[in-house]
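Visitor: With chain A's structure known, arrange chains B, C, D, E and F with the ligands on it following the hints.
Protein chains: 6
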Amino acid sequence: MQLHLLTWQEVEKYLTHSNGIIIPIGSTEQHGPTGLIGTDAICAEKIAQGVGENTGAIVAPTINVGMALHHTAFPGTISLRPTTLILYIQDYLTSLFKAGFKKFFFINGHGGNIATVKASFSQFYDHLDSMNFANSEQVKCKIANWFMGREVYQLAKKLYGDEEGSHATPSEVALTQFVYPDTIKSAPLDKSVATGHPIYGAKNFRECYPDGRMGSNPALATPEHGKQFYELAVKELTASYQDFISINN
Amino acid sequence: MQLHLLTWQEVEKYLTHSNGIIIPIGSTEQHGPTGLIGTDAICAEKIAQGVGENTGAIVAPTINVGMALHHTAFPGTISLRPTTLILYIQDYLTSLFKAGFKKFFFINGHGGNIATVKASFSQFYDHLDSMNFANSEQVKCKIANWFMGREVYQLAKKLYGDEEGSHATPSEVALTQFVYPDTIKSAPLDKSVATGHPIYGAKNFRECYPDGRMGSNPALATPEHGKQFYELAVKELTASYQDFISINN
Amino acid sequence: MQLHLLTWQEVEKYLTHSNGIIIPIGSTEQHGPTGLIGTDAICAEKIAQGVGENTGAIVAPTINVGMALHHTAFPGTISLRPTTLILYIQDYLTSLFKAGFKKFFFINGHGGNIATVKASFSQFYDHLDSMNFANSEQVKCKIANWFMGREVYQLAKKLYGDEEGSHATPSEVALTQFVYPDTIKSAPLDKSVATGHPIYGAKNFRECYPDGRMGSNPALATPEHGKQFYELAVKELTASYQDFISINN
Amino acid sequence: MQLHLLTWQEVEKYLTHSNGIIIPIGSTEQHGPTGLIGTDAICAEKIAQGVGENTGAIVAPTINVGMALHHTAFPGTISLRPTTLILYIQDYLTSLFKAGFKKFFFINGHGGNIATVKASFSQFYDHLDSMNFANSEQVKCKIANWFMGREVYQLAKKLYGDEEGSHATPSEVALTQFVYPDTIKSAPLDKSVATGHPIYGAKNFRECYPDGRMGSNPALATPEHGKQFYELAVKELTASYQDFISINN
Amino acid sequence: MQLHLLTWQEVEKYLTHSNGIIIPIGSTEQHGPTGLIGTDAICAEKIAQGVGENTGAIVAPTINVGMALHHTAFPGTISLRPTTLILYIQDYLTSLFKAGFKKFFFINGHGGNIATVKASFSQFYDHLDSMNFANSEQVKCKIANWFMGREVYQLAKKLYGDEEGSHATPSEVALTQFVYPDTIKSAPLDKSVATGHPIYGAKNFRECYPDGRMGSNPALATPEHGKQFYELAVKELTASYQDFISINN
Amino acid sequence: MQLHLLTWQEVEKYLTHSNGIIIPIGSTEQHGPTGLIGTDAICAEKIAQGVGENTGAIVAPTINVGMALHHTAFPGTISLRPTTLILYIQDYLTSLFKAGFKKFFFINGHGGNIATVKASFSQFYDHLDSMNFANSEQVKCKIANWFMGREVYQLAKKLYGDEEGSHATPSEVALTQFVYPDTIKSAPLDKSVATGHPIYGAKNFRECYPDGRMGSNPALATPEHGKQFYELAVKELTASYQDFISINN
Ligand code: NI
Ligand code: NI
Ligand code: NI
Ligand code: NI
Ligand code: NI
Ligand code: NI
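As given, the protein sequences belong to chains A, B, C, D, E and F, one line each in that order. Note that my numbering has the first sequence beginning at 1, numbered continuously upward. Note that my numbering has the second sequence beginning at 1, numbered continuously upward. Note that my numbering has the third sequence beginning at 1, numbered continuously upward. Note that my numbering has the fourth sequence beginning at 1, numbered continuously upward. Note that my numbering has the fifth sequence beginning at 1, numbered continuously upward. Note that my numbering has the sixth sequence beginning at 1, numbered continuously upward.
Just chain A, same shape as in the assembly (with noise of 0.2 Å):
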């Protein structure tokens, strides 16, 4: 179930019964020469609304901009700032608490977030437990990244061995393309793409990644390989969720 899609009064049943919500989170990126911008939205998105009809949960909207900062060189990225980042999840989350959730699955698609959303739950349980809320203690928040489930990561290996890369990977690239089957891009990819390079800022960058890719080699994906990824991903978290929501402590 999509929260967007519901009435207040059915949000009010479900919290009857649960407390948990799932949260997509995204970025606004290049994705190489042939990657899309929306790509980590899109499949964050994806893959939440087939965990959510797995297990009932409610999906929140999604998070489309988050920190990408390293990105910005390239026309098209558009990021938050971290503490405009942090600020915006407690915002977002204080109003879910204030309703009765407690319990946050974030489901993610960008490795440039992860520090920064992590950082966010940790000011969140702070500000809420210096406002006294009754019940704060109970609440709990966890992000899963689809990328770096266990079985999702060896059938990267497998397909694309070292070309899956770190950024513009096949893996990511195939599962658009599921979602998207009419917008598959095609664009001169240099054999040779960089990788190894540390991330500083956005010009240093682009210097080192000058296509936007990292290390890896888009062209290998397709949308079939998308659909498998897809189906993974959503059964890894489908169990990760479930156990989430059900711990006490």
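Because the hints were derived from the structure by calculation, they are not lab data.
If several chains are the same, the list does not tell them apart, and a pair holds so long as it fits within one copy or across any two.
The calculated DSS-like cross-link candidates involving lysine-lysine, where the alpha carbons are at most 30 Å apart (straight line), are:
hint, residue 1, residue 2
1, Lys203, Lys142
2, Lys142, Lys235
3, Lys102, Lys203
4, Lys185, Lys158
5, Lys142, Lys157
6, Lys158, Lys227
7, Lys142, Lys98
8, Lys13, Lys142
9, Lys203, Lys98
10, Lys203, Lys13
11, Lys158, Lys235
12, Lys157, Lys227
13, Lys185, Lys13
14, Lys102, Lys185
15, Lys102, Lys142
16, Lys157, Lys185
17, Lys13, Lys191
18, Lys98, Lys185
19, Lys203, Lys191
Guide: Here is chains B, C, D, E and F with the ligands on its own, set in the frame of chain A:
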């Protein structure tokens, strides 16, 4: 064209002939017993895509959480505080500005966003100016509220008269029915509906408007009406975008 | 009664029978070649004092610097950024709320303040709610723009027609002439005056409106007109304050 | 000259021969059973106008709400938090700096402002420096506390000895009596008055100083004294402003 | 060389041949019944000094309070919120950058800092970029966690196996015993120690981990072990610093 | 007792008989050609430890970076902006308050910190009050500047007369020589030293005070003097801490 479905190289090319972009902004908030929580975002996004098709403009990712603090006593509502939304928009637009965008056309689906979005524009102009960014004096932002277009407004009056109300209106509900014909909700609606109370804080709002509607009768909505609203809104905002993009001063 | 001219014990006594307060808010900004930089604050303060006399309400200190970023390319303008003004108003009202005030009636002299002041109200309600302050759900804020009162507006139209314009208007200049008859300015005013340009950033504003006026002819102003505007505004806002203070919901 | 009573063109002309400006800063806070809540702002504003007349300097609008958190347990007090006041002063001065002002002379009426105003100056210099504003290294700010001038202080000691105290003092009350001879208050004042307690939080302050006075006997004040204080303060601060404005380094 | 023991002229000279600096960052937080509250800062500082000696690099003052919100239910813990730590690091690094430093090598002693420190780096790069500081694209930051070095990790596993745990570990306790042999603590330690609970808010953490240890047996620590850890960590991080400082891109 | 060398259980026990804590605060800033960059932190920390030994009070970790923006034109200086330092101190003290500490005694080594630290105290009291924390009205903070103690001051005058100056003073340099006898610096010092210039921004400061000294002759310092200053400061601040901790109001 949706930004999320483009590559960065396609954006780079687009910027050689246009510096305009359309940004849908909605909200995640209660819309009465039969209105979808995502109503405002759904309407803004759908209309923005229509305007994008007409004009060839890029449509950026929908800002799906806005300023809806007064609705937060109803479960399912998610809101940013005004200061957070201002920082969010500042970061969002600064990223686009650095890439070369200069004309930002917001298509808005939620009256409660207007004040904060206008404040954001002022803050953003000043931010660019203080940072000494080149050409920042050419930046222009505009907010266009689809529901306040002349013809849209007249159609709503013609179809619903006073039962249009001002929140959870049949016109916006109709538009979501057009977009999502499979999620048309039904729920008992009191004949008498609260109206005319000024808006203060969230608890007061719920006391004044116990089912969330403000003077509206969304039972009058039909998907066919929705189609009409959609087409009128796209027509009006297409013209508005073209005007906006063509001005030099 | 002006708060500045009371003792704390007089305020304590006042709070036993009223929880309302009037807050004048203006701006410090250019008002064309003949308008005073303090025009908006002067008008708001003067009218607030008149309303205070009529109603016995306390008038708080004038917020004399507001949101005037678009005027900052003209010397003498002082502006807060919207986020600063929101924090300012939050602190200002929180102090009064802790003492027992609950109804905050802003008398505003500057159109550019409206968006940010409205955003401030939303932020303030939420702040009180999050802090778990007792009785915070009873708090109500209202902004009343003296120049938008029905009778004031009609008088301006009657006296000046289209030459009223929308900034550095003869009506506001007249009111300052009534308050400060000894500082009536004269300066050459071009017959033709810029009008109709949307408002973007500060540099653009000055290019569009080179002498600061927006479609107005302040040469039509007289102190006698000012007296009429003053009296009408006080009459209208006295009624508005009394309504505001008497509502329970 | 008061900035509020000038036009922007007059300011533009002024800037061709001076880059100095006087900024009165006071507070809105309890001043004991007979002192006006606006005492600090009234004194600072009045003296600033006198100095402005003597020197031909522009006097900016009075900052009438300052840092008075420790007085907020008394009704009528309004205070900013230090971080808010710092941002407020930063915005205020940045506007003036962009227009060409470089020397900012604060005339202060409230001891509690001093720490935060000094911190604001540091923050402001750094802000200009970080923004790479041209000539920002020429900016100079100074805070002058009228009640700490040598001759003012001596007069207070001569007239009142230890009964001057340190808050709600007869000297400041006298000055307000001189400015507002029609609002001289009378109320019973305990012979014994609290004194010597360090200042901590607001509740503690009210416990320590139950009627708001700190070791003072404001019953000794007279309008004639007030006139003397006014004249001495204007004399001392006129000299101080002239020194400040003439220094090159 | 410790920055605190240099003069500014020595720093000026250093900058003619190096633009690198080492910044130890720890935490002030409970470390179980026998671990020092300053463990993480003590370890980071000691190792940083060793690396400084090996490489001739300047070691900046230790950031001794970090992100430890989840430990704040135990007395003695001091933590910053993530947004505060981000601003702190931004200011800290901006000062050094203005003087000419460009390569910032953090030696970290606390796992809980990692997310926020990484977010800080992103914020800092963007800050420099937005400010248009010259050469800001050359800035590079790196966080090196001494306890995650390959050889350090292997030694911990060899000495302690699973009893290393993940907080209040024997390895870090050993290192503090090596540094402060006179403050070795003894206290009863339950045989069974909590382990495996995810980290949420502070109260939940203390419920899950009642004595503060996470799966560790610090009773195994000895000062001799500490010496070994120290030497390995210095060796590994010396190499890491030299690599970092020598890269051009 | 240093907090860093305690366990949380020792802190828990301490809190059963005392709620006081000593917090050393210094700075990282140039101290002339022969003064250590860490002078202010070194002095504050050393003296705090002495007072801690005399009184049995816990000494918290040294705040080693303070408000030194005016020194940032000299390499090696690190400064927080005032708003950052205020948030830092708020977080720092809130953590300790939640554990049960109520009396916070700052031992300060840097004049430039005083304004911002005082502002921080105001902000902190208000923060606790707004959060409705129990017993927050009992919280008390005090800043004690070791170099302003009566006997310390007299000794400095006796030993150095006017050559004490006001920054990079022989007294503080002597104290660091006493603490670090092996890092006594020598460098040519001009006979004539700048003095008397007010402090504005960083660039102006360096122009006025080209070698960083303010009217001082640190060549007069000796480790023996340093020992005397240390002992006097510890004696004076021991008494001051005991007074502070014993007051009830
Ligand atoms: Ni991706
Ligand atoms: Ni709506
Ligand atoms: Ni006006
Ligand atoms: Ni006063
Ligand atoms: Ni540790
Ligand atoms: Ni010093």
